[in-house]
Amino acid sequence: MTARSVRVASFSLRYSPRAFITSTLLGALLVVLTGYALTVGKFTIPVGQVLSMLTGTPGPQGVDYVFWTVRMPRVLTAVLVGVLFGVAGDIVQSLSRNPLGSPDVLGFGGGAATGAILQILVLGGGSVAIAFSALVGAFATAFLVYAIAYRRGVVSYRLVLAGIGIAALLAAVNRYLLISADVTDAYRAAVWLTGSLLDRTWNHVTIATVAAGVLLPFAFALSTRLRLLEMGDDTSASLGVTPERTRTALFVVAVGLTGAAVASAGPIAFVALAAPHIARRLVNAAGPSLAASGLVGAILLLGADLACQQVFPTGDLPAGVATGALGGLYLAVVLGTRWRKASR
Amino acid sequence: MVFLLLVAVGVLGIVGVGSLLVGAQPVNVGEALRVVFADDRSDAAVIVHDLRMPRTVLGICVGVALGLAGALMQSLTRNSIADPGILGVNAGAAFGVLVAVVGFGVGQFSGYVWFAFLGAALSTALVYLIGTVGPPTTAPVRLVLAGTAVGAALVACAEGIVFLDPKAFDEYRFWIVGDVAKPDLSVTGQFLPFLVAGVVLALLLGPPLNALALGDDLGSALGVRVARTRILTGIAVLLLSGAATAAAGPIAFVGLAAPHLARTVTGTDQRWLLPFSAVVGAIVVLLADILGRVVLPSGELRVSVMTAIVGAPFFVFLVRRKRAVA
Numbered sequence: 001m002t003a004r005s006v007r008v009a010s011f012s013l014r015y016s017p018r019a020f021i022t023s024t025l026l027g028a029l030l031v032v033l034t035g036y037a038l039t040v041g042k043f044t045i046p047v048g049q050v051l052s053m054l055t056g057t058p059g060p061q062g063v064d065y066v067f068w069t070v071r072m073p074r075v076l077t078a079v080l081v082g083v084l085f086g087v088a089g090d091i092v093q094s095l096s097r098n099p100l101g102s103p104d105v106l107g108f109g110g111g112a113a114t115g116a117i118l119q120i121l122v123l124g125g126g127s128v129a130i131a132f133s134a135l136v137g138a139f140a141t142a143f144l145v146y147a148i149a150y151r152r153g154v155v156s157y158r159l160v161l162a163g164i165g166i167a168a169l170l171a172a173v174n175r176y177l178l179i180s181a182d183v184t185d186a187y188r189a190a191v192w193l194t195g196s197l198l199d200r201t202w203n204h205v206t207i208a209t210v211a212a213g214v215l216l217p218f219a220f221a222l223s224t225r226l227r228l229l230e231m232g233d234d235t236s237a238s239l240g241v242t243p244e245r246t247r248t249a250l251f252v253v254a255v256g257l258t259g260a261a262v263a264s265a266g267p268i269a270f271v272a273l274a275a276p277h278i279a280r281r282l283v284n285a286a287g288p289s290l291a292a293s294g295l296v297g298a299i300l301l302l303g304a305d306l307a308c309q310q311v312f313p314t315g316d317l318p319a320g321v322a323t324g325a326l327g328g329l330y331l332a333v334v335l336g337t338r339w340r341k342a343s344r
Numbered sequence: 345m346v347f348l349l350l351v352a353v354g355v356l357g358i359v360g361v362g363s364l365l366v367g368a369q370p371v372n373v374g375e376a377l378r379v380v381f382a383d384d385r386s387d388a389a390v391i392v393h394d395l396r397m398p399r400t401v402l403g404i405c406v407g408v409a410l411g412l413a414g415a416l417m418q419s420l421t422r423n424s425i426a427d428p429g430i431l432g433v434n435a436g437a438a439f440g441v442l443v444a445v446v447g448f449g450v451g452q453f454s455g456y457v458w459f460a461f462l463g464a465a466l467s468t469a470l471v472y473l474i475g476t477v478g479p480p481t482t483a484p485v486r487l488v489l490a491g492t493a494v495g496a497a498l499v500a501c502a503e504g505i506v507f508l509d510p511k512a513f514d515e516y517r518f519w520i521v522g523d524v525a526k527p528d529l530s531v532t533g534q535f536l537p538f539l540v541a542g543v544v545l546a547l548l549l550g551p552p553l554n555a556l557a558l559g560d561d562l563g564s565a566l567g568v569r570v571a572r573t574r575i576l577t578g579i580a581v582l583l584l585s586g587a588a589t590a591a592a593g594p595i596a597f598v599g600l601a602a603p604h605l606a607r608t609v610t611g612t613d614q615r616w617l618l619p620f621s622a623v624v625g626a627i628v629v630l631l632a633d634i635l636g637r638v639v640l641p642s643g644e645l646r647v648s649v650m651t652a653i654v655g656a657p658f659f660v661f662l663v664r665r666k667r668a669v670a
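Protein chains in written order, with our numbering: chain D, 1 to 344; chain V, 345 to 670.
Looking at chain D on its own, in the form it has when it is part of the complex:
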């Protein structure tokens, strides 16, 4: 990877031209996709009208309502949640040093889901209460996983395996909760469990925006250290990084990102897993590339939601189903390419 640097006085910023160009292209693609998503749906809103409504000119009565209270929150939630998942996935994948280590595999998603299901089935709160419970669930689970994996420091494999154990336990609990409820509540909870962008409101957008505003700066500030951590604890320590403290800080950031994403759209499968893979391949980087991962995450989630909308226009299929199925396909593709490389 060729890297260049910009120097201004005593500051210097190192960047890779390829990562920069790729991120710019991904950003452009995301803008186009967002625009497309705003125009299509139960009925089409022409591009010109979308632009004029965005600039403040009110559209016709019904169109205005659909645009600002149905479509906009949904599209914005998709984009923001995708970014959160993508960045969180990249961090966790780098921390766990494993291409399959993602927040959902490590049980944060399951923990968030347990919190939310309890809220839906037992306490019966509204969407904000559900989001809050999910956040609490994610943090409680992450704390538990980290505490279990901690023995004079956290080693990646212990983190991964402790996460998988707890995730399996939570999955059983979640399913038990589903069978002890009546069918309507259970269906509502199960849709939430799969992750859905239906009926998103501005509340969901707010949760995701706040999380992105608070946590993404930390994530980007720590990204250089994350890259150094990949060299191993000894090497990174000699380069001035305190491995344990940095890892804990990154872990907290990743859990916060995941928790907020799950709180606003449910534990959508595989976005956090697939986005960093695709981003790293596009950027051609060995290590984490947070910006590209976030953009790819947004494109994936928005694309999956659009696909669900277009393929099943009548049924309200949750986006999590599409990302789950696509994730499975993607795994098979990764497998295929690696297989070819290994046999070569």
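These are computed hints drawn from the structure, not numbers from a lab. Careful: at least some of the hints might be erroneous.
Claimed, not checked - A few chain V residues that face chain D, going by a derived Cβ cut-off under 8 Å, partial list only:
id, residue
1, Leu348
2, Leu489
3, Leu645
4, Phe659
As the list claims (entries may be wrong) - Simulated coverage check for chain D against chain V, where a stretch passes if three residues somewhere in it have a Cβ under 8 Å from a Cβ of chain V:
id, segment
5, 185 to 191
6, 269 to 275
7, 292 to 306
8, 317 to 328
Where is the CB? At the ideal position from N, CA and C, for every residue including glycine.
Assemble chain V onto chain D, guided by the hints.
Then chain V, alone, in the frame of chain D:
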């Protein structure tokens, strides 16, 4: 060893009788033993024959199958944290059953068990391919991660299918939580031939698996056909865990825990480890089932929920205990 195995079977017998006694309506020992052999349709006889006998027998069969499957998988993958639940085999079987029931309208065990085998075979192959490509140093973790990821993809697909059909969803949410409490023994009867075939195959594989534990080269020098042994082991795992999942729904952690408990008695000799794992698996399932009946003040916890609640901490304990992954 033979004596110890008899002791284990004795313990299984005691737990089995315990499974007839414990529940919402306790039955005392003398009465239970009397009505087992003389069904006089008294209240106790109805409880024992119509409720507790079927679930005890199915529990034993499923436990034997899962314990053996777990032991075979741990030996095959040389991975002490392998389990048909964790490595996605049960998820594949469950998905197969779902496709059979919802997609093709197959309602009978004898019909959908084949779909369970197919699903289990495909997911196992996928997990194995994803989990074994790459440098061998991180292999155990990779295999477990691959199993989890494939399992998650299958669950997502399954949910995609059931969300389109609320009636299917209502059946699915119960079926996906594995349970041995079935109304009668018809499913168990259909499950039995597959179980017997799997057990016989597994027990025959003891000696060659012992030789393979020394490594492929040394194993083949000792006269074992490496590829054939691997494939036969895989088939035995599919038969056992696929059929068990089709019969009772997915149950995790039994296949993980049983071989570890058995190993404390037998050491690493597969010829003894396999039968012990089978018996211990049955004991574990029965104990979990009994516990599930009494742990809540009213109602029951299903056996798969109990095995997860007890088994997940066990898994975590195994992970923490080891200094490095073998």
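Hint-by-hint comparison with the structure:
Contact between V/Leu348 and chain D, as hinted, is not supported at the beta carbon level, the nearest pair being about 30 Å apart and thus beyond 8 Å. Hint status for V/Leu489: holds, given a least beta-carbon distance of 4 Å to chain D, under 8 Å. At a threshold of 8 Å, the smallest CB-CB gap from V/Leu645 to chain D is about 7 Å, leaving the interface hint in force. The criterion of a C-beta within 8 Å of any C-beta in chain D is met by V/Phe659, whose closest approach is roughly 4 Å, and the hint holds.
Only when three residues or more bring their CB closer than 8 Å to a CB of chain V does the claim for the segment 185 to 191 of chain D stand; here the count is 4, and the claim holds. With 3 residues having a Cβ less than 8 Å from any Cβ of chain V, the segment 269 to 275 of chain D passes the three-residue criterion, so the hint holds. Coverage of the segment 292 to 306 of chain D by chain V is violated [criterion: at least 3 residues with CB-CB distance below 8 Å; count 0]. Counting residues of the segment 317 to 328 of chain D whose CB lies closer than 8 Å to any CB of chain V gives 10, which reaches the minimum of 3, so the coverage claim holds.
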